[in-house]
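Asker: If you want the building blocks of each chain, they are given just below.
Number of protein chains: 2
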Amino acid sequence: ENGGEEAGEKSENVLCGFKTSHVLGASDREKTIFIHGKLADQEAVVILEKTPIREDTLTELFSGSTLKLEMRNDIYSTYRLQAPPFLNEIKTTVVCPATEKHVKKYKHQESFLVEETDEDYRSITLPYIEMQRFSLQWIHNILEKKAEAERIVYEDPDPDVGFILLPDFKWDQKQVDDLYLIAIVHQRDIRSLRDLTSEHLPLLKNIFQKGQEAILERYNLPASKLRVYLHYQPSYYHLHVHFTKLDYEAPGCRVERAHLLADVIQNLQSDPKYYKSRTLYFPLRADDGLLSKFKEAGKL
Amino acid sequence: ENGGEEAGEKSENVLCGFKTSHVLGASDREKTIFIHGKLADQEAVVILEKTPIREDTLTELFSGSTLKLEMRNDIYSTYRLQAPPFLNEIKTTVVCPATEKHVKKYKHQESFLVEETDEDYRSITLPYIEMQRFSLQWIHNILEKKAEAERIVYEDPDPDVGFILLPDFKWDQKQVDDLYLIAIVHQRDIRSLRDLTSEHLPLLKNIFQKGQEAILERYNLPASKLRVYLHYQPSYYHLHVHFTKLDYEAPGCRVERAHLLADVIQNLQSDPKYYKSRTLYFPLRADDGLLSKFKEAGKL
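First to last, the sequence lines map onto chains W and C. Counting with my numbering, you get residues 190 to 489 for the letters of the first sequence. Counting with my numbering, you get residues 190 to 489 for the letters of the second sequence.
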């Protein structure tokens, strides 16, 4: 692969016609930006993220780049380095047509910690999920091999304990340092952590064991280098498990949202209804419809 | 020392002659890399960091770049975007000649997830803690007002359920955005989460309630804006609780190390020996003495 400029090599540049409406959010630390705009008269969200710097390209990067001196002081000097484009790509995600929900999802908002009792779940959260949820068509496409079939890292096709393991959209798969895979279960009626009981232990143990084995085989990373967890609330209500590299500070791995799968298994082993009966805590962004429901109920 | 190919436009490309010895560390999330090597026979450290994406360059970026399609599924598609080099620079810092200290400073230690059963705690961790006996003098100084007395935000002097709340060293107190306080208990015989039983519920509930009240009063932040948690393993073995702002990605708030105080209280309410009997998971850095003990015991 190279960064040739001949038209033959390019995809059509769909972003040429992108009209920015406004920046939804950005992280200078992570070198990401979330943009809302229009693509051929359709609402679109475009996400740009600079790619990690790869060790195996350093020699080529140093020899093939242009350096502009900015500052020199004693033993310290700083430069702006201009690299050949193919060595310095920007990961670009386009959601088009994007719904109001997608726009909200990427809009930076402050968060509030919500306390959800089992009763709150039944009277506030569950009715909200049932009414509001995102289409799960893209999950069904994956499970039915209608999309992303070539991205599958591992599959256990069993309808009860089986799952498909594949890279998360956020991971460009160029290096294992920010490894991020998702295990999506074949069962279609488990919404989230809240639905889990001891009946699901065979499923959860199967995902834990076979997911780790598949990652060891494909990426040579042992279990001690992995963080395996569920989100609550999840971003979509079809049960899935996150596998990220332990050293990678993945988004959504903070204690207020993530639940280690090993802990989930252990909790269900000692109390079959642990997640049905517990008060659970999770962050919700200011613009989340579910937060409004908790506020309306006088819970915040 | 001019490694440039068209010497006219460029600064001298000093990095052309850089010989990489090894990568000291890298953050895929922050798009940084720290490299140790040689520059004209002198020790050098080179730090590369991709630059944040600037809103004011977006139009030019979209029109002037090449897009390579990676994946398309339903309304989602991902691309690799190859941008003009001047719109996508890499901040480069060179330390040369670099000393041993510079090299150490940038060296990253990888972490390993350790699985600690209750038996492992008694046979491996506890003897290690007892042997190491890190001095807790600085904690005792705080509790006895021999040091940092002027920094105290709140104190409940009760010997059983009391504690002192004060800002963590990492927080400069200039803004609440990265609020970080520590509650240090007056009881001196509770080493960590592992020692907690239902007997400690009055202490834990007292810290939770009065800590939140004190923060509301002093900083005007309600409980829903706070992340209140313990570390396991902690960095010192005198029980303490962390209070950080929910939106602040504090170091040590990831799921593999942090335990929400609300969860700890709930777990002890339903099982008085929860933390005495559980398998606990935590990360240890490669150079941690405790990790060697787990390795020697064949546990990793």
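Just to be clear, a hint being listed does not mean it is correct.
With a straight-line cut-off of 20 angstroms between C-alpha atoms, the simulated DMTMM-like cross-links for lysine to aspartate or glutamate are [claimed, not checked]: (1) K363/W x E219/C; (2) K257/W x D436/C; (3) K280/C x E201/W; (4) K290/C x D263/W; (5) K208/C x D452/W; (6) K294/W x E438/C; (7) K399/C x E304/W; (8) K296/W x D452/C; (9) K334/C x E319/C; (10) K296/W x D436/C; (11) K257/C x E304/W; (12) K465/C x D460/W; (13) K293/W x D436/C; (14) K296/W x E438/C; (15) K293/C x E244/W; (16) K296/C x E244/W; (17) K208/W x E438/C; (18) K465/W x D452/C; (19) K294/C x D263/W; (20) K465/C x D452/W; (21) K296/C x D366/W.
In short, the hints are calculated from the structure, not lab data.
Asker: Would you mind marking each hint as holding or not holding in the structure?
Answerer: Now for the hints, and whether the structure bears them out:
At roughly 16 angstroms between alpha-carbon atoms, K363/W and E219/C fall within 20 angstroms of each other, so this suggested pair holds. Under the criterion of a C-alpha separation no larger than 20 angstroms, the hint pairing K257/W with D436/C is inconsistent with the structure, at around 37 angstroms. Simply put, K280/C and E201/W have alpha-carbon atoms about 30 angstroms apart, too far for the 20 angstroms limit, and the pair is violated. Among the hinted pairs, K290/C with D263/W is consistent with the structure: their alpha-carbon atoms are about 16 angstroms apart, no more than 20 angstroms.
At most 20 angstroms may separate the alpha-carbon atoms for a hinted pair to count; K208/C and D452/W exceed this at roughly 46 angstroms. Between K294/W and E438/C the alpha-carbon distance is near 19 angstroms, which keeps this suggested pair within the 20 angstroms criterion. Only pairs whose Cα atoms come within 20 angstroms are accepted, and K399/C paired with E304/W is accepted, the gap being roughly 18 angstroms. With a C-alpha separation of about 29 angstroms, the suggested pairing of K296/W with D452/C is violated against the 20 angstroms cut-off.
Annotation: proposed proximity of K334/C to E319/C is violated, straight-line Cα distance about 26 angstroms (limit 20 angstroms). Note on K296/W and D436/C: the hinted pairing holds, with a Cα-Cα distance of about 14 angstroms set against a maximum of 20 angstroms. A C-alpha spacing of about 44 angstroms is found between K257/C and E304/W, which places the hinted pair above 20 angstroms, so the restraint is violated. With a CA separation close to 16 angstroms, the supplied pair K465/C and D460/W stays within the 20 angstroms bound.
This hinted pair checks out: K293/W and D436/C have alpha carbons roughly 17 angstroms apart, not beyond 20 angstroms. At roughly 18 angstroms between alpha-carbon atoms, K296/W and E438/C fall within 20 angstroms of each other, so this suggested pair holds. Simply put, K293/C and E244/W have alpha-carbon atoms about 19 angstroms apart, close enough for the 20 angstroms limit, and the pair holds. Between K296/C and E244/W the alpha-carbon distance is near 15 angstroms, which keeps this suggested pair within the 20 angstroms criterion.
Of the pairs offered as hints, the one joining K208/W and E438/C is violated, with about 32 angstroms between alpha carbons and a cut-off of 20 angstroms exceeded. Of the supplied pair hints, the one linking K465/W and D452/C holds, its CA atoms being roughly 15 angstroms apart against a limit of 20 angstroms. With a CA separation close to 18 angstroms, the supplied pair K294/C and D263/W stays within the 20 angstroms bound. For the hint linking K465/C to D452/W, the alpha-carbon distance of about 15 angstroms falls within 20 angstroms, and the restraint holds.
For the proposed pair K296/C and D366/W, the alpha carbon gap of about 16 angstroms is at most 20 angstroms, so the pair holds.
Hint violations for this structure: numbers 2, 3, 5, 8, 9, 11 and 17, all remaining hints satisfied.
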